[in-house]
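Protein chains in written order, with numbering that gives the first Met the number 0: chain Z, 0 to 190; chain G, 0 to 190; chain V, 0 to 190; chain Y, 0 to 190.
One or more of the hints may lead you astray.
Where chains are identical, the list cannot tell them apart; a pair therefore holds if satisfied intra-copy or between any two copies.
Unchecked claim - Each computed DSBU-like pair below joins lysine-lysine, with the alpha-carbon atoms no more than 35 Å apart:
(1) K54 x K190
(2) K141 x K57
(3) K190 x K15
(4) K167 x K141
Hint data in this document are derived by calculation from the structure and do not stem from the laboratory.
Protein chains: 4
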Amino acid sequence: MSIVKVVFFSGSGNTKALAEAVHKGAAKSAESELMEVTGEMIENGRFKNEGFLEKLDKADAIIFGSPTYMGMVSGQMKCFFDGTSQRWFQGAWNSKFAAGFTTSLGLSGDKQSTLSYMATFAFQHGMIWIGCDTPNELFQGKSMEEATNRLSSNTGVMSQVNFGDEYKPTPGDLKTGELLGERVAKYANNK
Amino acid sequence: MSIVKVVFFSGSGNTKALAEAVHKGAAKSAESELMEVTGEMIENGRFKNEGFLEKLDKADAIIFGSPTYMGMVSGQMKCFFDGTSQRWFQGAWNSKFAAGFTTSLGLSGDKQSTLSYMATFAFQHGMIWIGCDTPNELFQGKSMEEATNRLSSNTGVMSQVNFGDEYKPTPGDLKTGELLGERVAKYANNK
Amino acid sequence: MSIVKVVFFSGSGNTKALAEAVHKGAAKSAESELMEVTGEMIENGRFKNEGFLEKLDKADAIIFGSPTYMGMVSGQMKCFFDGTSQRWFQGAWNSKFAAGFTTSLGLSGDKQSTLSYMATFAFQHGMIWIGCDTPNELFQGKSMEEATNRLSSNTGVMSQVNFGDEYKPTPGDLKTGELLGERVAKYANNK
Amino acid sequence: MSIVKVVFFSGSGNTKALAEAVHKGAAKSAESELMEVTGEMIENGRFKNEGFLEKLDKADAIIFGSPTYMGMVSGQMKCFFDGTSQRWFQGAWNSKFAAGFTTSLGLSGDKQSTLSYMATFAFQHGMIWIGCDTPNELFQGKSMEEATNRLSSNTGVMSQVNFGDEYKPTPGDLKTGELLGERVAKYANNK
Numbered sequence: 000m001s002i003v004k005v006v007f008f009s010g011s012g013n014t015k016a017l018a019e020a021v022h023k024g025a026a027k028s029a030e031s032e033l034m035e036v037t038g039e040m041i042e043n044g045r046f047k048n049e050g051f052l053e054k055l056d057k058a059d060a061i062i063f064g065s066p067t068y069m070g071m072v073s074g075q076m077k078c079f080f081d082g083t084s085q086r087w088f089q090g091a092w093n094s095k096f097a098a099g100f101t102t103s104l105g106l107s108g109d110k111q112s113t114l115s116y117m118a119t120f121a122f123q124h125g126m127i128w129i130g131c132d133t134p135n136e137l138f139q140g141k142s143m144e145e146a147t148n149r150l151s152s153n154t155g156v157m158s159q160v161n162f163g164d165e166y167k168p169t170p171g172d173l174k175t176g177e178l179l180g181e182r183v184a185k186y187a188n189n190k
Numbered sequence: 000m001s002i003v004k005v006v007f008f009s010g011s012g013n014t015k016a017l018a019e020a021v022h023k024g025a026a027k028s029a030e031s032e033l034m035e036v037t038g039e040m041i042e043n044g045r046f047k048n049e050g051f052l053e054k055l056d057k058a059d060a061i062i063f064g065s066p067t068y069m070g071m072v073s074g075q076m077k078c079f080f081d082g083t084s085q086r087w088f089q090g091a092w093n094s095k096f097a098a099g100f101t102t103s104l105g106l107s108g109d110k111q112s113t114l115s116y117m118a119t120f121a122f123q124h125g126m127i128w129i130g131c132d133t134p135n136e137l138f139q140g141k142s143m144e145e146a147t148n149r150l151s152s153n154t155g156v157m158s159q160v161n162f163g164d165e166y167k168p169t170p171g172d173l174k175t176g177e178l179l180g181e182r183v184a185k186y187a188n189n190k
Numbered sequence: 000m001s002i003v004k005v006v007f008f009s010g011s012g013n014t015k016a017l018a019e020a021v022h023k024g025a026a027k028s029a030e031s032e033l034m035e036v037t038g039e040m041i042e043n044g045r046f047k048n049e050g051f052l053e054k055l056d057k058a059d060a061i062i063f064g065s066p067t068y069m070g071m072v073s074g075q076m077k078c079f080f081d082g083t084s085q086r087w088f089q090g091a092w093n094s095k096f097a098a099g100f101t102t103s104l105g106l107s108g109d110k111q112s113t114l115s116y117m118a119t120f121a122f123q124h125g126m127i128w129i130g131c132d133t134p135n136e137l138f139q140g141k142s143m144e145e146a147t148n149r150l151s152s153n154t155g156v157m158s159q160v161n162f163g164d165e166y167k168p169t170p171g172d173l174k175t176g177e178l179l180g181e182r183v184a185k186y187a188n189n190k
Numbered sequence: 000m001s002i003v004k005v006v007f008f009s010g011s012g013n014t015k016a017l018a019e020a021v022h023k024g025a026a027k028s029a030e031s032e033l034m035e036v037t038g039e040m041i042e043n044g045r046f047k048n049e050g051f052l053e054k055l056d057k058a059d060a061i062i063f064g065s066p067t068y069m070g071m072v073s074g075q076m077k078c079f080f081d082g083t084s085q086r087w088f089q090g091a092w093n094s095k096f097a098a099g100f101t102t103s104l105g106l107s108g109d110k111q112s113t114l115s116y117m118a119t120f121a122f123q124h125g126m127i128w129i130g131c132d133t134p135n136e137l138f139q140g141k142s143m144e145e146a147t148n149r150l151s152s153n154t155g156v157m158s159q160v161n162f163g164d165e166y167k168p169t170p171g172d173l174k175t176g177e178l179l180g181e182r183v184a185k186y187a188n189n190k
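Given only the sequences and the hints, what does the whole structure look like? Please build it.
Structure (structure tokens):
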């Protein structure tokens, strides 16, 4: 049984809800763990939590999640990414599988910027990136609430949440996240 | 009165409809012209229409439009872009203003990839990029049909068109395009 | 033995030389084939070569190569990419492995834009992207001629060629390409 | 006389040296100020320095600088960017001019990713992006030390610094930065 880690930062709870769906999917066939990056792990703009990183060293796959803030992963998530530089230097995460997901208020916004950068980050580590291959079910007549991949994203999973929706991804967005978790676990198990 | 050119490729007519809206906006204060790139201008994968390029040499601003095909400007538009390489070498388009717009079937898809690349192309020419600063009116309660910038795009204007909608951007998307044309003309007039 | 296809467009011969190195690496453990996209395959800006695409349908991995023209894959390569839209619609290339390489005259230029887009394209098809994990040997004291990955690229392989060098990638760039071919073949064989 | 602010984060001093060159260029015709983002301004991953932001409110142009860490602006710079979200919401920085610069150890690396994102950030604020239009003097036979824009970057200025060079951009890289400052000041003065 392979090890999958779902590493995320969440500001309002939206990304956390999506992370839980991804974790649920991964846990179907792998040993999955949710790992939350918090502001408290950052001192003077630097990520300080060696134990957190050591848990990731053992993963076969890491799935990254962040809200899109100002067109990119959140500052907290970026501090975490910078905190992996020693692993990068050593090539310690080479050949792990990787994937990503993001949330924001706008339907498109610059969420692709976030996902594309997460992949760039993973390639620096020598990781192999697994995108989202779930069809956009709006094209099959499903509703905005129920359709999987309604935003037509393939680099990773995008979710959009309205103001006042109690900040919760749609059932379709959550399902898309779950399917990403399942897909990544399948590759991790075949590693 | 400054000269603005709206250069676009359109496959199904969606991008053309949006181009007309952009042109309408630019024409309010500048001498604007719609210029359509067609497959016939491309021979063996190379853009062959020197007269087309010479008209652009005289522009104060150029606004680029293309559908997003497979996550990027269409092949036809890319052939046109490659056809400007002599101008690039000479720095002939330096300091012109530039902007862009795109259409696709998905709500997000990879339209940001298209717009971000158009800006990269413009920077190679030394052009100055003007984004879309129109607010997302979904956040103010307007409908998906009427809201400007409902996809929350700022690098340029994004329009999404459903299958079966007679392939036509929404009134809100067209309004967003028109406002981009107005904004670019304002800068071109102040050049 | 898995099937790897190295699909490329080359204008001056640089990208072809790099493609041959990638092919050499892939052929060590897989059935590799070089497939060149040419201007003659493009009619009125559209790729017209069904037989070419059918060969790719059988691949376990596809490695894409293109010069960076005006900050992106060449127009010819983009026309080829657009020509795969029927496969995209059917999900026919889902789960194939993919990778990429590019060449240009500048040391950095916008080659990352090209590679990042190639990955975006691959994700639309549901493909899994394998980056370049070869260390930058400039950091170990090797020369600009001999060092692998001297440009520090990880999304794919970048090669830079000077004017007047008989348009030929350096030995280090070719070695980096060869190692990418080897890496992709390894994943294709384990599919 | 217009107001230009050069806002940067620097880890080792490279980006600071480049920032000083940009500031020198801007100061030739505008009232320019260097403003350094530091780790101390970040509490629990959030930028906390309202006075810093208020100074930027008065600028006609803002030039952003950051090292490229793990393929993107540094975490500290991203926290600063996130800290501008209230201004974004109000459209307070609309129509300011913007530009950017970055440094890293690799010749290419993912510095384009950093610059392209800085532009995306600026477009969210409704800012107008001014790229680097300085020719690559390597093509004219100048040395790696002296050539301006030797990395062929146009979205902004890229500098590369070797280990052991006392961490200092080349004279050519500094000159390229200075010219960016001059260019931005020219637009700010014409606002």
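Hints, one by one, checked against the model:
For the homomeric pair K54 and K190, the shortest alpha-carbon distances inside one copy (18 Å) and between copies (27 Å) are both at most 35 Å. Only between protomers do K141 and K57 lie at most 35 Å apart by alpha-carbon distance; the minimum there is 33 Å, versus 40 Å within a single protomer. Proximity of K190 and K15 under a CA criterion of 35 Å is satisfied in both settings, with 27 Å inside one chain copy and 32 Å between copies. Taking the shortest Cα distances, K167 and K141 sit within 35 Å of each other both inside one copy (19 Å) and across copies (21 Å).
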